[in-house]
Amino acid sequence: MQSVWTLLSWGPEGWLDDIAYGVFITVSLAAATLPVGLMIGFLVALAKQSNEPSLRLAGNIYTTIFRGLPELLTLFMIFYGAQIGIQQLMRLYDPTAAVEVNAFVSGMIALGVVFSSYASEVFLSAFRAIPKGQYEGGYSVGLSGWQTMRLVVLPQLIRIALPGLANLWLILLKDTALVSAIGLADILRQAGVAARVTKHAFLFFGVAALIYLLLAIISSFGINAIERRVGRQQVQR
Amino acid sequence: MSAAAADVATKVEKPPAIPRGWSRQRVLGYALVGLWIVLGIGMIVYLVEAWNSELFQKYAPGYISGLGVTLTLVAVSIVLGAVLSVPVAYARMSRNRILSSVAYAYVYFFRGTPLLTQVFLVYYGVGSFRPALEAVGLWGFFREAWYCAIFSFTLNTAAYQAEILRGAIESVPRGQWEGAASLGLHKLQTLRKIILPQALIVALRPYGNEIILMIKGSAIVALITVYDLMGITKLTYSRTFDFQSYIWAAIIYLIIVEILRHAVEWIERRITIHLHR
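Going down the list, the sequences are from chains A and B. Take 1 as the starting number for the first sequence in this note's numbering and just add one per residue. Take 1001 as the starting number for the second sequence in this note's numbering and just add one per residue.
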């Protein structure tokens, strides 16, 4: 029976290096998804607060679909659906083609889509909190629509949306655990491999849970720092 | 003079509405809605083309039973979680430092780690304590994936529900407690007759969201061999390699979530009727 510390050591005997690789994958997946999700979420929010009913409808359909589907189902549909779709396209040229879709990219797309549908709601409520006078003020000093958005509305929008987005980041971090189901070597999958090999399931899944907890704690420190900086800007105004 | 002014006023007509031309926004909106319509029609055409009555007869009953498993799992864990959340919320609000920090740690752990990790921790991890569990006769419980799923879901949702409950109770102003106390109501009466009716209005929407999140989250039990809706879907796909198995599951999930969302909104409109004018 190996001791716990051997199992958790760095190197060929222990599993710490494998789990560290899993942490790297999890964090990079979440970090890669964040900008994509924020961008799409912002665009969808813009569509949902526009004066044009058809744009609002299109945005609302997007949110309804991707907030209503289980994240795991979205992930599987994108992973297998993309595989089948691309394979069919390749078959047109080369009947023997076999396609393997990258699990990281599929995970990024699936998580990004889910994140963006929630983020669009956060952005939308932030948009509603900004009085119309801000836009009118922007136009009256001669700013164009895009300049008003960038210089007047966005700085206020970010401040209002920040708590909601911080919450979504923590949810995103937890949702990355799902990609272990499509074979990406994230924290949970590495812990699962270690558990199967060493038969110390409770130890390794417990370590995985604690790592997620640690990531959440580190994130909330980061979020607090950002919020303090943004808050200070507000005071100076 | 005033008559002249009135004359002018009657002559002024309301300007005609600005014609809704084909602005860039409108073109984009129509294009996007068109894209959704094309996607929707494409899906229907695909489902019609891929229709296979043999397959349907073979697997449709599985989907129904899977839906039943999903709904049972969610209902049981939500109810058990609600029961468990009361002492947790009480401990979280208590003035006793130890009690409140234990409750805080519980809530923080279950809200801060992925549900999938918690399920794996229970389903695979508890095997590490097999001798001890056999000694107390609980091994039969934890051997079953179904009970493990219920156990971990209950603990998870209890943490979330405790926070909902606490937030709702704390949202009721302190004066309500004081007012009730000055009328001679004791604590439990105050809670039941004054605080909870006000708190539940605040709590309704979060509770509804929690149920929806649980229905969506319950899909992960497919990964520990429970045949809920997602589990049946995975099974069907692995046997047939037919992508429509996923599309049917997606349709069913969307319908349940939309029904629930609208039901919550309807209840909220009903119970806040006295707040609207």
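Note that these hints are calculated values from the structure, not bench results. Among the hints, a few may not be true.
As a list, the in silico EDC-like pairs of lysine to aspartate or glutamate whose alpha-carbon atoms are at most 20 Å apart [as the list claims (entries may be wrong)]: (1) A:K174 to B:D1242; (2) A:K199 to B:E1170; (3) A:K48 to B:E1258; (4) A:K48 to A:E100; (5) A:K174 to A:E13; (6) B:K1187 to B:E1210; (7) B:K1193 to B:E1210; (8) A:K174 to B:E1210; (9) B:K1193 to B:E1178; (10) A:K199 to B:E1144; (11) B:K1058 to B:E1210; (12) A:K132 to A:E13; (13) A:K199 to A:E52; (14) A:K48 to A:E227; (15) A:K132 to A:E121.
Here are some chain A residues the structure puts well away from chain B; computed CB gaps all over 12 Å [stated by the list, open to error]: (16) A20; (17) S50; (18) A97; (19) R128; (20) L173; (21) A177; (22) R228; (23) R229; (24) G231.
Covered by chain B, per the in silico footprint, the following chain A stretches (three or more residues, Cβ under 8 Å) [stated by the list, open to error]: (25) 144-156; (26) 179-188.
Just so you know, these numbers come straight off a predicted model, no measurement behind them. The beta carbon of each residue, even a glycine, is placed where N, CA and C say it ideally should be.
If you check each hint against the structure, which ones fail?
-> Numbers 1, 2, 4, 5, 6, 7, 11, 12, 13, 14, 17, 20, 21 and 25 - these are the hints that the structure violates, sorted from lowest upward.
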